[in-house]
Amino acid sequence: MKKWMKCGIAVILGFAMLFVAVFFIDTMKDKARNVSTPGQESYVAALNDGDLREINAAIRSIESELAAEAESRAAAESSAEPSDGSSENPPTESEPVSESEPSTGEETSSTPTEADSTASEPTSGNDALRLLKLPLSELQAFITDELNANSITALSSDELAEIRARFDRTVFFGDSMAQAFIEYELIDATKVVYKRGGTIDTITEKTSSVAGKLPEKVVIFTGLNDCNHYMERMDAYEADYRKMLDEIIPIVGASNVYVLSLTPPSNAFGATRADLAQAPVFDQRLREICQSTGVNYIDLYWMVRQSRYRGDGIHFDKLFYQELLRYLYVYIP
Amino acid sequence: MDSQKDKKNSALAIRIIALVFVTLLLSFGILILVLPKAEYSSLEKRVLSKHPALTSNSVLSGSYMEDVEAWISDTFPGRSLWVRLSSGLRSLFGISESDDTVLSKDDYLIERFTEADKSEVQDLLIRFLKATGISSESSSGNSSGSSIGGSVDGSVGGSVDGSASDSVGGSASILIVPDAVGTIQSDAELSSILPAGFPTDNESDWLEQFYSSFKEKLDAAGMTEKVALIDSRDALAAEWIKGNQVYYRTDHHWTTKGAYTAFSLWKATVLPNEPALTYEAHEVCSSFYGTLSARLPFASVSDSVEIYHSDKSPEVLVNYEEEDRITTSLYSADGLTGGDPYEVFLGGNYPIITIRTTAKTDRKLLLIKDSYANAFIGFLTPYYSEITVIDPRYYNGDLLLLAKQGRFDHLLILYNANTFSEDSSLQTVLEAALAGKEEP
Numbered sequence: 000m001k002k003w004m005k006c007g008i009a010v011i012l013g014f015a016m017l018f019v020a021v022f023f024i025d026t027m028k029d030k031a032r033n034v035s036t037p038g039q040e041s042y043v044a045a046l047n048d049g050d051l052r053e054i055n056a057a058i059r060s061i062e063s064e065l066a067a068e069a070e071s072r073a074a075a076e077s078s079a080e081p082s083d084g085s086s087e088n089p090p091t092e093s094e095p096v097s098e099s100e101p102s103t104g105e106e107t108s109s110t111p112t113e114a115d116s117t118a119s120e121p122t123s124g125n126d127a128l129r130l131l132k133l134p135l136s137e138l139q140a141f142i143t144d145e146l147n148a149n150s151i152t153a154l155s156s157d158e159l160a161e162i163r164a165r166f167d168r169t170v171f172f173g174d175s176m177a178q179a180f181i182e183y184e185l186i187d188a189t190k191v192v193y194k195r196g197g198t199i200d201t202i203t204e205k206t207s208s209v210a211g212k213l214p215e216k217v218v219i220f221t222g223l224n225d226c227n228h229y230m231e232r233m234d235a236y237e238a239d240y241r242k243m244l245d246e247i248i249p250i251v252g253a254s255n256v257y258v259l260s261l262t263p264p265s266n267a268f269g270a271t272r273a274d275l276a277q278a279p280v281f282d283q284r285l286r287e288i289c290q291s292t293g294v295n296y297i298d299l300y301w302m303v304r305q306s307r308y309r310g311d312g313i314h315f316d317k318l319f320y321q322e323l324l325r326y327l328y329v330y331i332p
Numbered sequence: 000m001d002s003q004k005d006k007k008n009s010a011l012a013i014r015i016i017a018l019v020f021v022t023l024l025l026s027f028g029i030l031i032l033v034l035p036k037a038e039y040s041s042l043e044k045r046v047l048s049k050h051p052a053l054t055s056n057s058v059l060s061g062s063y064m065e066d067v068e069a070w071i072s073d074t075f076p077g078r079s080l081w082v083r084l085s086s087g088l089r090s091l092f093g094i095s096e097s098d099d100t101v102l103s104k105d106d107y108l109i110e111r112f113t114e115a116d117k118s119e120v121q122d123l124l125i126r127f128l129k130a131t132g133i134s135s136e137s138s139s140g141n142s143s144g145s146s147i148g149g150s151v152d153g154s155v156g157g158s159v160d161g162s163a164s165d166s167v168g169g170s171a172s173i174l175i176v177p178d179a180v181g182t183i184q185s186d187a188e189l190s191s192i193l194p195a196g197f198p199t200d201n202e203s204d205w206l207e208q209f210y211s212s213f214k215e216k217l218d219a220a221g222m223t224e225k226v227a228l229i230d231s232r233d234a235l236a237a238e239w240i241k242g243n244q245v246y247y248r249t250d251h252h253w254t255t256k257g258a259y260t261a262f263s264l265w266k267a268t269v270l271p272n273e274p275a276l277t278y279e280a281h282e283v284c285s286s287f288y289g290t291l292s293a294r295l296p297f298a299s300v301s302d303s304v305e306i307y308h309s310d311k312s313p314e315v316l317v318n319y320e321e322e323d324r325i326t327t328s329l330y331s332a333d334g335l336t337g338g339d340p341y342e343v344f345l346g347g348n349y350p351i352i353t354i355r356t357t358a359k360t361d362r363k364l365l366l367i368k369d370s371y372a373n374a375f376i377g378f379l380t381p382y383y384s385e386i387t388v389i390d391p392r393y394y395n396g397d398l399l400l401l402a403k404q405g406r407f408d409h410l411l412i413l414y415n416a417n418t419f420s421e422d423s424s425l426q427t428v429l430e431a432a433l434a435g436k437e438e439p
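Chains as they are written, first to last, in numbering that gives the first Met the number 0: chain W, 0 to 332; chain Z, 0 to 439.
Derived by calculation from the structure, the hints in this document are not laboratory data.
Just to be clear, a hint being listed does not mean it is correct.
As the list claims (entries may be wrong) - Listed below are several chain W residues computed to face chain Z (Cβ distance under 10 Å; list not exhaustive): (1) MET4; (2) ILE8; (3) ALA9; (4) ALA31; (5) VAL34; (6) GLN39; (7) LEU46; (8) ASP48; (9) GLY49; (10) ALA160; (11) ILE162; (12) SER208; (13) LYS216; (14) ARG284; (15) ASN295; (16) ASP298.
On a predicted model such as this, the values are computed, not experimentally measured, just so you know.
Note that CB positions come from ideal geometry on N, CA and C, so glycine has one too.
Construct the complete structure from the given sequences, taking the supplied hints into account.
Here is the structure:
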């Protein structure tokens with residue numbers, strides 16, 4: 000072999016050994032990098048030992064204290080001011096509507112023919128929150144009129160902000176019926192826990208996610224998947240629903256759980272599906288479950304209009320959800 | 000006979016060498032195609048390039064070929080080893096500059112700054128602040144009509160029944176923090192530690208220009224009294240000169256001392272009447288090698304990472320909203336031991352985090368940030384009952400609706416200059432938030 004070849008091979012081997020040495024040294028140094036001592040790790044771990052529920056309770060207690068202080072300050076200021084008779088009357092306290100038999104969902108006046116009805120311009124200026132300040136019965140009448148006339152007042156940005164602020168500590172829980180709040184960009188995704196296509200038994204698997212958000216209220220909104228899943232198994236439906244409530248109630252207390260009624264399929268779709276047409280029967284059982292467990296049941300049958308369904312005959316459009324949120328804002332204290 | 004044998008050996012050697020070369024070329028080619036591709040480099044602490052989509056536009060513009068080159072470079076077999084070998088050898092032979100990092104005289108690895116025109120972001124920020132209700136003529140909203148530098152202290156915030164549009168009713172502050180290079184460039188004494196000829200833009204001048212032009216725009220919009228621009232260059236430089244370490248030697252982040260220095264300045268402007276807390280430093284890592292150490296491993300000197308703790312700090316609930324996880328501390332044990340000890344602060348970066356505290360106030364803060372803020376947040380908790388933390392690099396929600404919904408008393412935008420200059424996600428999020436929503 001020629002000398003230049005031997006030199007070349009020697010150089011290549013030399014560099015190869017240098018590479019290996021560099022790699023070895025660097026690997027050894029690597030093992031000592033970014034390592035904390037057991038004491039240091041324990042210190043940080045100990046910082047995470049706080050009791051989640053105790054801290055949450057402490058926060059709520061401080062919030063109540065500050066709210067009470069603000070109220071007494073406001074009361075002291077208003078009693079110190081001379082009365083000029085020009086102050087606005089405070090809105091009357093709204094009361095929940097007494098439960099009534101679910102309606103059939105039929106329209107009560109002229110039949111709208113278009114899926115996309117006219118949306119009126121949202122209120123603006125000083126009246127921006129007028130609808131949210133109505134007593135519940137008046138708001139219900141207003142919504143009924145709008146649904147009948149197929150002319151819905153869209154939520155203004157002010158109303159939406161107010162509603163979202165009100166439900167800041169509320170979790171909406173359910174299936175695609177709850178998911179729609181996110182789809183329509185009405186409620187922030189961090190406040191909604193859902194399982195699309197879920198039934199009560201599978202939705203229950205997500206109750207830990209609800210608990211993890213430390214809500215103050217939970218609104219449960221499920222659809223018609225159960226009518227198919229539990230067809231002719233009403234007792235199993237009841238047992239599973241109670242099981243789900245057993246996991247939700249300890250999080251916020253029964254009085255802070257709000258169950259929205261099942262809603263029927265559209266007339267056209269319901270005519271083709273015997274299982275979904277059982278919705279009123281399931282809903283009746285649902286109402287009984289709520290009564291016996293002490294959670295709140297909110298009837299939505301009065302809101303159902305054929306024009307508000309989306310093409311699938313099960314889900315509702317954005318305008319329906321906007322009216323629903325207005326109603327929930329006033330209904331839920 | 001001997002010469003014939005020599006000739007045979009030479010020919011054989013040539014064939015062997017040729018075979019080795021061809022084999023190596025083919026092997027690497029095949030390995031590039033068949034080996035699974037890493038998406039993240041823990042050595043360089045960055046996301047690696049993905050294979051670009053082949054479109055006619057990308058081919059005609061030439062971007063496809065550039066992206067393929069970047070992809071091959073990022074996924075080359077044994078990449079980490081080659082990077083380490085290259086950096087290590089260069090260090091051994093005294094070659095201190097690697098890519099965009101240089102070794103300074105005080106053993107700091109200094110990252111280069113690349114300036115970018117952020118005038119569009121300034122305009123978007125002003126539009127965003129106006130849309131959230133911050134203006135000199137806004138009504139009281141949450142806090143009692145307080146303005147920056149005025150009597151913010153002690154005011155009980157909380158929602159006032161009234162215009163829901165004044166949801167960020169109080170004020171805002173913008174804190175763009177200089178990186179190590181910017182602080183060095185801002186001070187004549189410090190600037191001598193930067194090697195001459197290091198190809199970096201002047202971050203200090205860029206910050207000066209940014210703040211100056213932003214102030215003009217705020218003046219024109221009548222928002223100067225409500226929006227504070229906080230320049231921390233002098234404060235950080237002063238601490239550095241005193242011998243206090245305000246940046247990590249091998250990481251692009253500031254130290255907890257650096258964060259505290261900037262916080263003190265911010266607090267003096269935004270919450271001047273609130274009492275200051277006394278903190279104790281606790282070392283949680285003594286051998287910290289940060290993101291820059293991979294570029295010059297043999298030049299790297301280790302640092303320590305500290306947590307500042309006060310007995311008067313409130314308790315916290317930290318809700319990682321999109322991860323469905325709540326913790327009771329701002330500091331993450333998993334983050335500390337996960338390979339990048341800086342992630343002890345909040346466990347890293349997340350799209351949206353809500354922090355609720357037991358501080359006796361109902362003041363609320365909206366913080367839009369990059370990773371620099373992670374070490375800063377601990378100082379904010381005594382003064383706010385709720386802090387919502389948004390990282391635009393990961394956040395896909397509606398920032399304007401969030402700002403209005405949250406009824407915040409103050410909005411803080413906190414970035415380091417390099418990320419603010421290079422990253423476009425803040426612009427994207429602001430544009431999306433404002434699309435079709437501003438009132439005429």
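Tested hints:
With 10 Å as the threshold, the beta carbon of W/MET4 comes within range of chain Z, its nearest partner Cβ sitting at about 5 Å, so the hint holds. Against a cut-off of 10 Å between C-beta atoms, the interface hint on W/ILE8 holds, since the closest Cβ of chain Z lies about 9 Å away. Given hint, W/ALA9 at the interface with chain Z, is violated; its Cβ is 13 Å from that chain's nearest Cβ, farther than 10 Å. Using the Cβ-Cβ criterion of 10 Å, the hint placing W/ALA31 at the interface with chain Z is satisfied: the shortest such distance is roughly 6 Å.
With a least beta-carbon distance of about 6 Å to chain Z, the hint placing W/VAL34 at the interface is held under the 10 Å criterion. Look at W/GLN39: its Cβ gets to within about 5 Å of chain Z, closer than 10 Å, so that hint holds up. For W/LEU46, the interface hint holds, since its Cβ comes within 10 Å of a Cβ in chain Z; the closest pair sits about 4 Å apart. For W/ASP48, the suggested interface contact is upheld, since its CB lies about 7 Å from the closest CB of chain Z, less than 10 Å.
Interface restraint check for W/GLY49: the shortest CB-CB distance to chain Z comes to about 3 Å, inside 10 Å, so the restraint holds. Look at W/ALA160: its Cβ gets to within about 4 Å of chain Z, closer than 10 Å, so that hint holds up. With a least beta-carbon distance of about 9 Å to chain Z, the hint placing W/ILE162 at the interface is held under the 10 Å criterion. A cut of 10 Å between beta carbons decides the hint on W/SER208: the least distance to chain Z is about 5 Å, and the hint holds.
Checking W/LYS216 against chain Z by beta carbon gives a least distance of about 16 Å; that is not within 10 Å, so the hint is violated. The interface hint given for W/ARG284 is violated, since its Cβ lies 31 Å from the closest Cβ of chain Z, which is over the 10 Å cut-off. Hint status for W/ASN295 relative to chain Z: violated, with the closest Cβ pair at about 24 Å, above 10 Å. For W/ASP298, the suggested interface contact is broken, since its CB lies about 28 Å from the closest CB of chain Z, more than 10 Å.
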